[in-house]
Amino acid sequence: MPFITPDFAPALAEMTLLGALCVVLIADLFVSDERRVITFWISIAALAVTLIAILAAQPLSREITFSGSFVNDSLSTVLKFAAALCLGVVFIYSRDYLMRNGLRKGEFYLLSLFGLLGIFVMISANSMLTIYLGMEMLSLSLYSLVAFDRDSSSCAEAAMKYFVLGAIASGAFLYGVSLIYGVTGTIQFDVLTTRVAEAGSDDVALWFGLAFVLVGIAFKFGAVPFHMWLPDVYQGARTPVTIYLGSLTKLASFALATRILVEGLPALYEQWHQMLLVMAVLSLIFGNIVAIAQTNIKRMLAYSTIFHVGFILLGFFAGNAEGYQASLFYTLTYTFTALGAFGTVALLSRAGFEAENLEDFRGLNARSPWFAAMMACFMLSLAGIPPWVGFWAKLHVIAAVLDAGRFAGDTAVIFFSVAVIMVLFSVVGAFYYLRVLKYMYFDEAVDRHTLEAPADMRVALSLNGLAVIGVGLAPGGLFALCAQVIG
Amino acid sequence: MKRVLTLLVVSLLASGVALAQTGADAGFWAGLPDPLRLTILTTAQVVGVTVVLILCVAYMTLAERKIIGYIQNRIGPNRVGFKGLLQPFADVFKLLFKEVVVPTNSSRFLFIIAPLLSIIPTFAPWTVMPISDSFVLADIDAGLLYVLALTSMGVYGVILAGWATNSKYALLGAMRSAAQIVAYEIAMGFALVGVLMAAGSLNLGDIILAQQGGVLNWFWLWLAPLFVIYFISGVAETNRAPFDVAEGESEIVAGFHVEYSGVAFAVFFLAEYANMILIAALTAIFFLGGWLSPFEGLLGADSFLGQPSFFWFALKTSFFLFCFLWFRATFPRYRYDQIMRLGWKVFIPITIVWIAVEGVFVWNKVGPWSHLATAGS
Amino acid sequence: MFLNLLFYTFGAVLVGAALGVVFSRNPVHAIMFLVLAFFNSAVLWLLLEAEFLAIALVLVYVGAVMVLFLFVVMMLDVNVEQVREGFARYMPVGLLVAFIMVVELGQVIWVRSWGISTLTTAPPLPEDYSNTKALGKVLYTEHVYAFELASVILLLAIVAAITLTMRKRPNLKQQDIAAQVAVRREDRVRLVSMPAEKKE
Numbered sequence: 000m001p002f003i004t005p006d007f008a009p010a011l012a013e014m015t016l017l018g019a020l021c022v023v024l025i026a027d028l029f030v031s032d033e034r035r036v037i038t039f040w041i042s043i044a045a046l047a048v049t050l051i052a053i054l055a056a057q058p059l060s061r062e063i064t065f066s067g068s069f070v071n072d073s074l075s076t077v078l079k080f081a082a083a084l085c086l087g088v089v090f091i092y093s094r095d096y097l098m099r100n101g102l103r104k105g106e107f108y109l110l111s112l113f114g115l116l117g118i119f120v121m122i123s124a125n126s127m128l129t130i131y132l133g134m135e136m137l138s139l140s141l142y143s144l145v146a147f148d149r150d151s152s153s154c155a156e157a158a159m160k161y162f163v164l165g166a167i168a169s170g171a172f173l174y175g176v177s178l179i180y181g182v183t184g185t186i187q188f189d190v191l192t193t194r195v196a197e198a199g200s201d202d203v204a205l206w207f208g209l210a211f212v213l214v215g216i217a218f219k220f221g222a223v224p225f226h227m228w229l230p231d232v233y234q235g236a237r238t239p240v241t242i243y244l245g246s247l248t249k250l251a252s253f254a255l256a257t258r259i260l261v262e263g264l265p266a267l268y269e270q271w272h273q274m275l276l277v278m279a280v281l282s283l284i285f286g287n288i289v290a291i292a293q294t295n296i297k298r299m300l301a302y303s304t305i306f307h308v309g310f311i312l313l314g315f316f317a318g319n320a321e322g323y324q325a326s327l328f329y330t331l332t333y334t335f336t337a338l339g340a341f342g343t344v345a346l347l348s349r350a351g352f353e354a355e356n357l358e359d360f361r362g363l364n365a366r367s368p369w370f371a372a373m374m375a376c377f378m379l380s381l382a383g384i385p386p387w388v389g390f391w392a393k394l395h396v397i398a399a400v401l402d403a404g405r406f407a408g409d410t411a412v413i414f415f416s417v418a419v420i421m422v423l424f425s426v427v428g429a430f431y432y433l434r435v436l437k438y439m440y441f442d443e444a445v446d447r448h449t450l451e452a453p454a455d456m457r458v459a460l461s462l463n464g465l466a467v468i469g470v471g472l473a474p475g476g477l478f479a480l481c482a483q484v485i486g
Numbered sequence: 000m001k002r003v004l005t006l007l008v009v010s011l012l013a014s015g016v017a018l019a020q021t022g023a024d025a026g027f028w029a030g031l032p033d034p035l036r037l038t039i040l041t042t043a044q045v046v047g048v049t050v051v052l053i054l055c056v057a058y059m060t061l062a063e064r065k066i067i068g069y070i071q072n073r074i075g076p077n078r079v080g081f082k083g084l085l086q087p088f089a090d091v092f093k094l095l096f097k098e099v100v101v102p103t104n105s106s107r108f109l110f111i112i113a114p115l116l117s118i119i120p121t122f123a124p125w126t127v128m129p130i131s132d133s134f135v136l137a138d139i140d141a142g143l144l145y146v147l148a149l150t151s152m153g154v155y156g157v158i159l160a161g162w163a164t165n166s167k168y169a170l171l172g173a174m175r176s177a178a179q180i181v182a183y184e185i186a187m188g189f190a191l192v193g194v195l196m197a198a199g200s201l202n203l204g205d206i207i208l209a210q211q212g213g214v215l216n217w218f219w220l221w222l223a224p225l226f227v228i229y230f231i232s233g234v235a236e237t238n239r240a241p242f243d244v245a246e247g248e249s250e251i252v253a254g255f256h257v258e259y260s261g262v263a264f265a266v267f268f269l270a271e272y273a274n275m276i277l278i279a280a281l282t283a284i285f286f287l288g289g290w291l292s293p294f295e296g297l298l299g300a301d302s303f304l305g306q307p308s309f310f311w312f313a314l315k316t317s318f319f320l321f322c323f324l325w326f327r328a329t330f331p332r333y334r335y336d337q338i339m340r341l342g343w344k345v346f347i348p349i350t351i352v353w354i355a356v357e358g359v360f361v362w363n364k365v366g367p368w369s370h371l372a373t374a375g376s
Numbered sequence: 000m001f002l003n004l005l006f007y008t009f010g011a012v013l014v015g016a017a018l019g020v021v022f023s024r025n026p027v028h029a030i031m032f033l034v035l036a037f038f039n040s041a042v043l044w045l046l047l048e049a050e051f052l053a054i055a056l057v058l059v060y061v062g063a064v065m066v067l068f069l070f071v072v073m074m075l076d077v078n079v080e081q082v083r084e085g086f087a088r089y090m091p092v093g094l095l096v097a098f099i100m101v102v103e104l105g106q107v108i109w110v111r112s113w114g115i116s117t118l119t120t121a122p123p124l125p126e127d128y129s130n131t132k133a134l135g136k137v138l139y140t141e142h143v144y145a146f147e148l149a150s151v152i153l154l155l156a157i158v159a160a161i162t163l164t165m166r167k168r169p170n171l172k173q174q175d176i177a178a179q180v181a182v183r184r185e186d187r188v189r190l191v192s193m194p195a196e197k198k199e
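Residue numbers (numbering that gives the first Met the number 0), protein chains in the order written: chain X, 0 to 486; chain U, 0 to 376; chain G, 0 to 199.
Because the hints were derived from the structure by calculation, they are not lab data. Given the structure is predicted, the values throughout are model-derived calculations rather than measurements. Just so you know, not all the hints are guaranteed correct.
[Stated by the list, open to error] Lysine-lysine pairs mimicking DSS-like chemistry, simulated, CA-CA at most 25 Å apart:
1) G:K132 - U:K364
2) X:K160 - X:K104
3) G:K172 - X:K104
4) U:K344 - G:K172
5) U:K167 - G:K136
6) U:K344 - X:K104
7) U:K65 - U:K93
8) G:K136 - U:K364
[Unchecked claim] A short list of chain G residues far from chain X (calculated; beta carbon distances all over 12 Å):
9) F1
10) F6
11) A17
12) F22
13) V27
14) F51
15) F86
16) E141
17) V151
18) A181
19) R189
[Unchecked claim] Derived Cβ-Cβ restraints for the label pairs, each shown as a range:
20) X:L59 - U:K364: 35 to 43 Å
21) U:F108 - G:L154: 52 to 60 Å
22) G:L67 - U:L304: 42 to 50 Å
23) U:W362 - X:A398: 58 to 66 Å
24) U:A123 - G:V14: 18 to 26 Å
25) U:V356 - G:V188: 39 to 47 Å
By construction, the Cβ of each residue, glycine as well, lies at the ideal position given by its N, Cα and C atoms.
For reference, chain X alone in the conformation it holds in the complex:
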């Protein structure tokens, strides 16, 4: 078979990011610890260039290159843009924290950029091999980021747990991929779709493969029962890393699920939607109930993540275009809301003091009404109270599930009961989010330090909060974008 040199243009964003990353790698060598902020600015510049490259590589139609292992479509443009933007915000939130806590290593930015590259690869993957490599790239950078603070035993513990469980999940994923390859003889998603459709969906080996692949996806999302690592890692890692983990990785997981389940294995919908149903409902129930009992805010947000993951998965469960659109909408809005919530935790921390307990939020209103209001925005949005954006996200998913239920025939009752569970547990979830509000507005402040944060962080956090309410007031634009991206 003659080989045709691939078209490199669609991968412009990846290549730009890799190039920029190498610049950061080299430049950081010549920067002393005191002037590490230079690395920060170079990294921000790298992200800016990458954002431009993403827009420049925006495709008119779906482009597939590199012998079918790379895809560039409007979905990938949106997700990549969101991811790069989000990482920029993560950097802004983290810089001051890192400087104050003596974590003046340029590798934080470097490893994060590597992780972003991994996310890009996952977003643009068109074959199992590519998506796996992207997943490993992201995971490897996350493992080392979690263990970043060498002197903290909780970081080491979290990294170890994450690493061991992550390795098992990767193994399971690969095993599933090998089974699917064994049955269909391909790892390329578009070919896979046709092969599975031809072969029919009642091949046991295929189901086996699917189950193992789903384990991998569920682990990356942190869905019950593969959620064990999530609270420990969120709590154990230093706050900047938690911001990264809590926001960006959801975009990657969404890409993982979309590419594999929706684009690769739509013919197996009957099989995977049942598996997703179990995991999603368990996540809703378990995440919510355990979150109530938490006193540590990072841990509480970790459990609430599990709850939100349930919603994202239920969008896939619905199995129609509306469901996928709702999932995308949910993922995007959740990413930026969580970004703000974790960012506020970083804002409250000082040198040698980690504001990670709920009590640390006491009387925040008295100390800084503006940031208390921002935090309130994030919490209300996460709780799904109108008009904040989280409400619309939840509404769309529930609507999609109900809509799918109308065409489901005998199983319609399942769809309706799932919708009821979603509503019920959203109400339960509101309890622990509103508790944060209670601490902030109705309790006396114990800690009377003024908040110290550089101007860029204050501006970014404010914009983040305003975006959460702004998009909530006018969700139409973002939703139209989602609808346009997933046709």
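Given chain X, put chains U and G in place with the hints provided.
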């Protein structure tokens, strides 16, 4: 007594020869089934190569003592046999008849198996070694990789010996050796990448053929940095002076084999020298054209000196073996951190740079291997 | 026939070695069993005519990875007794989980596998077919993207490893090689002329 022994050996040899002759005459050999004949032939070849190799090792030890003796203005061993020529046998018999002492609290099984693990990887690569232009035991495609894989296993013997002995000196020696071998193996591997880029093949015979056309076409010139690095890494890989910190008599007594005696020690000894011969032979093959003649094209193809032959291969190998001894007599031992620095921070970067340079050569069809660039499309 | 015999022999040794890894009390022995297992799987690949992969397996795993493993295990001096503590307590749970999994897998595979056809052996390859060349060709053309990604992952691994292990500890003594090399005789040696002492 002596006379009886001599008689016995001579009569055995004579009967063997006679048997072979009658067998051939009677068509006994031709009458054997094909697979059996192949098996016997191969086994005979393998045994032949091994025996020659062991004899080489034996005389290598004598050569070492003689050469270093002369370098240091001494005479060296000259008592056993004519001019000391039987000295190696005396040494071997002495070691064979000594007791193997296994220390208490050592891991007995690993203690015994460690010498074997170090000797196997030194003999096994000879299966793919093109000894002369017409003789190689197994002509396999991935010969170079095979050699690399086997030489990388030599470290097991050292590590296990060090650990199983349950002595701190031995363990220290094993740790040093393991770190050192791992470090130099990378440089060695990269140097070989250069060789296979130039030769366009992993087959050792093809690598030699790619160097045809006289001394200037041998790889030592075009890959000079890789050549130097490969040989120095080879010296480090065999734990020879000046990289012999694993033994380090003056610091850790005898390193990993401090508790070994008798046959077990002899096997380690054998492995070390066999390894030297292996590295010397490989360097000759990769960079000095193996069995190619240096007078190729200068002298007529019908003269002995102008033809490729085993003689050239042996000569080149001997030269490198002499270098081993020369180094030992000349250089003081490296400090451990210096060894590590040399391996990681000097050799590896140089090899990588030279591979890039070579890539440019290949791309622009510069150098004797320019025919390669046309092969790919 | 002969190939089958070889396959079953090496397969059996492989399984035995794998069991040895799990059941060895001594971690060093377990690692040696693992080395044996790698060897045997390499041989199985050889039987499939995948000689490049087989040799690469030996080169990478036996030659490099396991050496580092051994290195670490020897340095750590794992206390086996401590690791095995609580073994008896957790065993029933472990057995139960294992039992359930075996039953489930068996149920799915056994009951429904009647219709699955068995694999046939691959057709023999032509005489001049070189596994190494074929691999090289697809690696640098068809799978170039994955190949480049793998190299980026390796770069990331290097960066991550260095980040996690290299830190400047306060009281660490280091050699400055450049300074050592640049030393002149005058810096180190001081010639002192002393008058000869007289014997009293």
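Against the structure shown, which of the earlier numbered hints fail to hold, in ascending order? 5, 16, 17 and 21
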